[in-house]
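Protein chains in written order, with this note's numbering: chain A, 226 to 585; chain B, 226 to 585.
If you're looking for bench data, these hints aren't it; they were derived computationally from the structure. Quick caveat, the model's predicted, so the values are computed rather than measured. Hints should not be assumed to be uniformly reliable.
Reference excerpt, derived from the structure (chain B facing chain A, CB under 10 Å, subset only) [unchecked claim]:
hint, residue
1, 376
2, 379
3, 427
4, 443
5, 458
6, 460
7, 469
8, 475
9, 484
10, 487
11, 488
12, 491
13, 492
14, 501
15, 573
DSS-like, lysine-lysine: derived pairs with alpha carbons at most 25 Å apart [to be verified]:
hint, chain 1, residue 1, chain 2, residue 2
16, B, 549, A, 467
17, A, 491, A, 549
18, B, 554, A, 491
19, A, 434, B, 491
20, A, 554, A, 577
21, B, 491, B, 577
22, B, 564, B, 549
23, B, 564, B, 541
24, A, 564, A, 554
25, A, 467, B, 467
26, A, 541, A, 554
27, A, 434, A, 359
Think of the CB as a built atom: it goes at the ideal place given N, C-alpha and C, for glycine as much as any other residue.
There are 2 protein chains.
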Amino acid sequence: MYEVSRARVGSSWLLLAVLSVLTVLSACGGSAVEQPAAEGEAPGRAETMAAGGAQPLPSWVDGATKQAIVAFVARVTDPASPDFVPQAERIAVFDNDGTLWSERPAYFQLLFAIDRIEATAAEHPEWEDQQPFKAVLEGDMEALAAAGEHGLLELVMASHAGMTTVEFEEVVREWISTARHPELDRPYPELVFRPMLEVLEYLRFNGFKTFIVSGGGIEFMRPWAEEVYGIPPEQVVGSSIKVEYQVRDGEPVLVRLPEIDFIDDKEGKPVGIHKFIGRRPIAAFGNSDGDFQMLEWTTAGSGPRFGMIVHHDDAKREWAYDRKSSIGKLHRGLDEAAKRGWVVVSMKRDWKFIFPFEGI
Amino acid sequence: MYEVSRARVGSSWLLLAVLSVLTVLSACGGSAVEQPAAEGEAPGRAETMAAGGAQPLPSWVDGATKQAIVAFVARVTDPASPDFVPQAERIAVFDNDGTLWSERPAYFQLLFAIDRIEATAAEHPEWEDQQPFKAVLEGDMEALAAAGEHGLLELVMASHAGMTTVEFEEVVREWISTARHPELDRPYPELVFRPMLEVLEYLRFNGFKTFIVSGGGIEFMRPWAEEVYGIPPEQVVGSSIKVEYQVRDGEPVLVRLPEIDFIDDKEGKPVGIHKFIGRRPIAAFGNSDGDFQMLEWTTAGSGPRFGMIVHHDDAKREWAYDRKSSIGKLHRGLDEAAKRGWVVVSMKRDWKFIFPFEGI
């Protein structure tokens with residue numbers, strides 16, 4: 226078993242190289258990550274946990290960015306403020322990939338899909354002669370690249386559909402608790418951004434309801450979002466495939482179909498917010514142009530509004546990419562943030578720590 | 226204005242007659258409502274409000290039905306119980322039409338659609354010569370019947386689409402606060418079931434999160450569900466039409482399109498629950514076979530489960546209908562409730578009061 230497992234890791238690596246170079250990353254987009262180095266004093270766990278209280282956001286450098294968050298929260302929660310917002314309307318939405326956790330060298334959900342193709346190959350002997358599966362299993366870069374976007378979609382459907390929702394949830398739970406990031410060699414839930422966990426906690430402490438609004442798969446996130454982010458399944462919005470209700474031997478099941486239901490990205494994000502939440506958020510947090518319309522919709526509402534973009538500019542502690550990246554591309558957002566009053570976070574400048582394991 | 230308004234009421238009545246006889250009600254389905262008569266002692270408002278506390282469900286007759294609700298809640302909330310359910314998993318779902326409020330002589334949303342056609346006819350001179358609008362405006366029963374289901378869909382699309390989501394919300398708010406039920410001559414929010422308001426409150430008091438899961442339009446319910454039921458927009462699931470994100474003169478809007486997005490009825494209810502809530506409820510409340518799969522899905526889960534069907538058997542205080550009704554048809558549910566362990570509420574036997582205004 227161990228050797229099989231190693232072999233899988235090996236072919237994953239080859240595949241990642243393909244995806245990184247040919248499909249996912251542009252020529253100029255990514256820079257290699259280095260093992261993070263703790264900078265400055267590390268707050269203890271208790272202090273981090275108290276992030277909502279008197280000393281909020283301990284992983285944030287004291288400066289204009291942190292002050293912007295704190296000032297907004299003060300404005301909308303002070304009953305004496307003309308900008309006071311009733312608790313029920315304090316809705317905050319967060320993109321996931323690149324905003325709450327990393328998204329390199331590829332969206333983690335794509336790494337999950339590849340792991341699943343490898344893990345289930347024995348049940349699909351036909352994949353041996355069928356692209357793009359053959360390419361995944363053989364680590365054949367050229368063949369995979371030739372399969373293009375359509376091939377990627379096939380990978381996703383094959384790994385995400387054709388089972389019940391209960392079965393899929395189990396698969397995701399197993400993966401999230403055992404899989405490790407190919408470069409950082411850490412479980413994926415450790416690759417969340419500590420300063421953003423503090424923002425989530427700080428907002429909830431101040432009566433906000435926090436939602437994820439992600440281009441990623443809704444059922445890929447729900448099984449672990451509560452434990453990792455404190456966000457329950459019913460507050461996770463994302464892309465989805467269709468499901469069908471069936472009764473099998475008297476037992477009802479929901480079967481996942483290989484058919485796109487909803488893409489929660491770009492113009493889809495305000496649509497998803499409207500569909501699932503049914504009211505306009507007063508705060509939105511994103512990192513890429515895929516979040517542009519979500520921030521636009523949120524901050525165009527009347528009354529106090531808050532928009533924030535996480536700028537990946539720290540090649541040393543995480544990854545640095547923006548205008549020319551094909552993953553997490555941030556171009557229009559950088560150009561228009563100032564005039565729209567959106568706050569741009571410099572991960573390098575504004576965050577004392579990036580990951581939860583730093584300095585602990 | 227007054228006369229115009231009266232004329233509208235007049236043609237609504239004609240139309241209702243058509244819909245009731247030809248489209249919505251079957252020959253045997255409905256019996257006329259009589260003005261409700263208070264039976265027994267009326268609890269005061271304070272007592273009603275205290276429904277979650279020591280004396281829960283005051284509008285329910287002490288008996289097996291009420292005891293079933295109380296016993297279930299005790300089982301899942303007592304930390305010493307083997308059936309204890311953590312608070313985050315205490316999800317309860319409620320159908321709306323016929324379960325939380327009346328649905329006669331037609332679904333209230335259809336009455337809304339008809340009111341809207343009449344109210345906006347001046348902006349649509351083409352409707353004068355176009356079916357089924359001409360039929361609505363002229364109260365022409367035969368022509369409307371001839372338009373059939375397709376005609377009804379056209380009425381709904383014409384009254385629900387072609388505007389922004391903000392505009393539609395405003396229209397619904399205005400209607401719900403001014404329109405009156407054609408037979409009972411009361412505002413629609415008064416036609417909610419007092420015993421069910423108490424159940425909602427009782428469950429929330431015991432740590433449940435309450436959701437609406439309705440075949441009705443999600444955006445028709447959200448503007449008033451919080452005030453009337455204490456259920457916030459993000460906990461309302463329903464049928465929907467598609468919306469499109471547009472930026473008009475720099476201002477983002479969501480435009481309602483005349484295209485069905487999702488039908489949250491029958492097999493659609495478990496699908497909607499899965500899509501919007503993302504976990505299986507432990508309690509489900511419905512009244513018709515449109516809720517069958519929702520109850521089936523809910524009660525097939527492991528651990529303690531609760532399913533309840535409101536049976537409209539009180540022709541004196543509300544309406545009596547079940548197996549042969551085309552609105553709120555309840556046939557399979559009645560046949561299978563006992564073997565599935567679902568509780569059937571007899572409105573006549575189990576409810577001291579039906580509407581909030583009784584006995585107050």
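Here is what the structure says about each hint:
1. 376: violated (27 Å)
2. 379: violated (24 Å)
3. 427: Nearest chain A Cβ about 21 Å off; hint violated.
4. 443: holds (7 Å)
5. 458: holds (3 Å)
6. 460: holds (8 Å)
7. 469: holds (8 Å)
8. 475: Holds. Min distance 9 Å.
9. 484: Violated, about 13 Å.
10. 487: With a minimum Cβ separation of about 9 Å from chain A (threshold 10 Å), the hint on residue 487 of chain B holds.
11. 488: With Cβ-Cβ at 12 Å, over 10 Å, it is violated.
12. 491: Interface hint status for residue 491 of chain B: holds (9 Å vs cutoff 10 Å).
13. 492: Constraint on residue 492 of chain B satisfied, holds at 4 Å.
14. 501: With a minimum Cβ separation of about 6 Å from chain A (threshold 10 Å), the hint on residue 501 of chain B holds.
15. 573: Because about 31 Å separates residue 573 of chain B from the closest Cβ in chain A, which is outside the 10 Å limit, the hint is violated.
16. B/549 with A/467: violated (33 Å)
17. A/491 with A/549: holds (17 Å)
18. B/554 with A/491: violated (42 Å)
19. A/434 with B/491: Not OK: residue 434 of chain A and residue 491 of chain B at ~31 Å, beyond 25 Å, violated.
20. A/554 with A/577: holds (24 Å)
21. B/491 with B/577: violated (30 Å)
22. B/564 with B/549: Since the Cα atoms of residue 564 of chain B and residue 549 of chain B sit roughly 22 Å apart, the hinted pair holds (cutoff 25 Å).
23. B/564 with B/541: violated (30 Å)
24. A/564 with A/554: Holds - the C-alpha atoms of residue 554 of chain A and residue 564 of chain A are around 19 Å apart, at most 25 Å.
25. A/467 with B/467: holds (16 Å)
26. A/541 with A/554: This hinted pair holds, its Cα atoms lying about 19 Å apart.
27. A/434 with A/359: violated (45 Å)
The structure fails to meet hints 1, 2, 3, 9, 11, 15, 16, 18, 19, 21, 23 and 27 from the earlier list, while all remaining hints are met.
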